[in-house]
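Chains as they are written, first to last, in my numbering: chain A, 1 to 375; chain B, 1 to 285.
To be clear, the hints were calculated from the coordinates, so they are not data collected in a lab. Be careful, since some hints might not be right.
[Said to hold, decoys possible] With a Cα cut of at most 25 angstroms, we get these calculated SDA-like pairs of lysine to any residue: (1) B:K180 <-> A:G138; (2) A:K317 <-> A:S257; (3) A:K108 <-> B:Q198.
[To be verified] One side of the interface only, derived from the structure: several residues of chain A facing chain B at Cβ under 7 angstroms: (4) V73; (5) E74; (6) G100.
Cβ atoms here follow ideal geometry from the backbone N, Cα and C, with glycine treated the same way.
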Amino acid sequence: MASTIALEAVTKFYGETYAVGPVDLEIREGEFFSLLGPSGCGKTTTLRLIGGFEEASAGTIRIGDRVVDRIPVEKRGVGMVFQSYALFPHLSVFENIAFGLRLRRIAKPELERRVGDTLKLVDLDGLAARMPRQLSGGQQQRAALARALVVEPSVLLLDEPLSNLDLKLREQMREEIRRLQRRLGITAVYVTHDQGEAMAVSDRTAVMNAGRIEQVGTPRDIYEHPGTLFVASFIGQCNFLTGSVIGQAGEHLEFVSEHGTRLEIARREIGATDATVVIRPEAVALSFQGDVGDVARGSAPNRLVARVEELVYLGEKIGVTLSLDLEGGGSGERLLASEQIFRGQALPAVGDRLTVEIPPQECILIGSQGPHGST
Amino acid sequence: MAPRRRPLEGARLISLGPALVVIAVVLIAPTALMLLYSFWRYESGRITDYTFTFENYVRLLTDAFYLKVIWETVELGLVVTVITLLLGYPLAYFLARTRSRFKHVLTYLVFMPLMISLVVRVYGWIVILGHQGAINSFLVGFGFLDRPFRFLYTSHAVVIGLIEVLLPFMVMPLLSAIEKIDPHVEEAARALSATRLQTFLRVTLPLSTPGIISGCLMVFSLTITAYALPALLGGAKVKMISALAYDSMLVSYNWPFGATIGIVMIVVSSAIVYFYLRTMSRIQR
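Produce the complete structure using the sequences and hints provided.
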C-alpha cells in the first residue's frame, strides 16, 4: 500500500526566478524521509512538487510505478498535512475527517466506522462534534493528520506540521506521528528546518541548501560523515579549521591549518589538498587537572594547549570557548568544546590554560568546495 | 457600593459629541420631520393643512399603480443583484488568487471608476447606447442592422448601467471574503481528491458566504434607491420608486406623499440591514 517516490532532475522556476533543482531523489517504500534545511532552501517547494500543488519546470516525478508529472493533485493519492493545519473551518471535526470519504461516496456505515477508528487512532475520540476553532493547536494537528490518513493514501506529505506547537508538545507529537507512520506502513515525506527533529524521527534525511540537495543519508551518516561544510554546520555544532593536507602520517593524514595548528586526521579521499577540518565540540577532550607544563607535546596525537576564553554552564554540560596556543607563541584558532560534567565537579575558569586532545578519527576532512560548488 | 465613573468616560462622551450632533442634525431630525409629514394630509397650494391621516400610506401601499412601481423596483434590484453576483464572483476570485505582479493594478482598475462622477459615467453609457452611439454605429455601419436599435430609454439600459456602476460594490466584499480563505484549505480539499469544481462548491463557496451576502445586500439597496441612473438611462418610461419620490417632492409638491415614500424606503432598507446582521451573527456562532 505504501509507494516509492522518485524524482529525476526535477527543477522548478517561478517565471524567471529559480526555486529548486535539479533534484534527484529516491524514497523507499514505507520510509520516513525528511527534507531538512534553512528557510528558502526549497524543501517545501520540493514537497509541493511531489504532491502536485506545483508543476515541475523540468524533470520527472514518479510515485510507485506511475509517472505523475501531468497528473493533478486530486488524482495523485497523496495525503497532505499543512503547517497551518488547514482544517475546513465551516465543518466539524467529524465532517473534516469524513470529507475525503464522502467524495469517494463511501457508504454511511463504513464511513462512520472509519472516521471513528481514525479519531481513536489520533486520540481525538469524543471531539467529533467540535468545530476546528474550538480545538487546541495539538488537537487541530491531530485532526489534520486524521483527515489525511483516513483515506489511506500511499504517501503522506507533511509540511512543517509541528512548527506552531510549543517544545514539549512538538516532541510528543513527532513521536506520535512516527508511531502512526510505522503502524500504518505508509511512506512519509517530512519537511522541517529543525535538525534535531529530523534526526529524531527520520529513517533518512536529505539536507537541502539553496535549491539543491547537499547530502542524503541516515541521521548517523549525516552527523558523523558530513559531505559538505554546509551539512556539517547545519547539523549539530562544529568547529572549522581551514588549511591544507600536507602529507601522510601512518594511517592518518597530516593537516596544517592557516594559523599553523598541526593535526593528524582520519584518512578521507576528497580529491583536493585545500580543505577544512570539522571537529564536533563533544570530540574536544579537556583535561583540567594537572600541570599543563608537564605535558610533553606530541606524546599523543593532537594534544594541544589552549586558554579558556569563555565558559557557559548548560546544566548537563559546559560549553567552553578556547583559543589554541601556537608553537611560536600567540593564539591560533578558537575552538568550541563541550564536556559533560558531574554534579559538584570543579570547573575551569576563564584565563586557565588546559590540555586539549582531539582524537584523529574525530577530525572530519571536508573539501573547501561543496558538491555543487557552494562553500 | 456603586461603581465609580472612570475618568475616561467623560472624555469619551465629549469626543463622540461632534459626530452625535452631526447625525442628530443631518439624519435623525430630518427623518423625524419626514415621519411627521407622512401623516399629514396633502392640500395643493399649501402643501399640507396639518391634519393627521393615514391616507398617504393607504395610497402608496394599495394603489395598483404604486404597487406596480414598487414591484418593478424590487424586480430590478433582484435582476441587477443576481447578474452582478455572477459577473463579480469570478472576478473577485481571480483577483484574490492571482499571483501576477499586476494584481494590485488590476484590483485598482475595478475600483477606479468610482472616482468618476456618476453622471459622467451615465453620459458615457448614453454615448455607447444611443442611436448614434458606439454600438449602433457599429451595427448599422457594418450592415448588421437597417435601423439603429433602441437600447436607450429602456429598462435594459438601466440594468446594464446599474450593473456596470455597482459591480465594484459586489467585488469589494467578495474579494475581501475570498482573500480571508486560507489557500491551503482549498489545497487540502484537492489533496483529498476533490476536483476544482468540488472544491469550489464544498469549500470556497460556503466560506465566501459572508461576502456574498454583504455584496448582494449592498447592490440590492443601492439599486432600489437609485435615482440618477434610472432617470437618465431609462427616461420617462422607466419609473422607479425613487423617481416617484422626486416627482412628489419637487414636481407636485406633495410633500406628505413624498415623505411617505421616503419612510417606506427607510423601513425596507432597515429591514434588509437587520436581516443581514442577524444572518451574519448566526454564521459567526
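The hints, checked one at a time:
Among the hinted pairs, K180 (chain B) with G138 (chain A) is consistent with the structure: their alpha-carbon atoms are about 23 angstroms apart, no more than 25 angstroms. Simply put, K317 (chain A) and S257 (chain A) have alpha-carbon atoms about 28 angstroms apart, too far for the 25 angstroms limit, and the pair is violated. Between K108 (chain A) and Q198 (chain B) the CA atoms are separated by roughly 20 angstroms; this keeps the pair inside 25 angstroms, and the hint holds. Hint status for V73 (chain A) relative to chain B: holds, with the closest Cβ pair at about 4 angstroms, below 7 angstroms.
A cut of 7 angstroms between beta carbons decides the hint on E74 (chain A): the least distance to chain B is about 5 angstroms, and the hint holds. Against a cut-off of 7 angstroms between C-beta atoms, the interface hint on G100 (chain A) holds, since the closest Cβ of chain B lies about 4 angstroms away.
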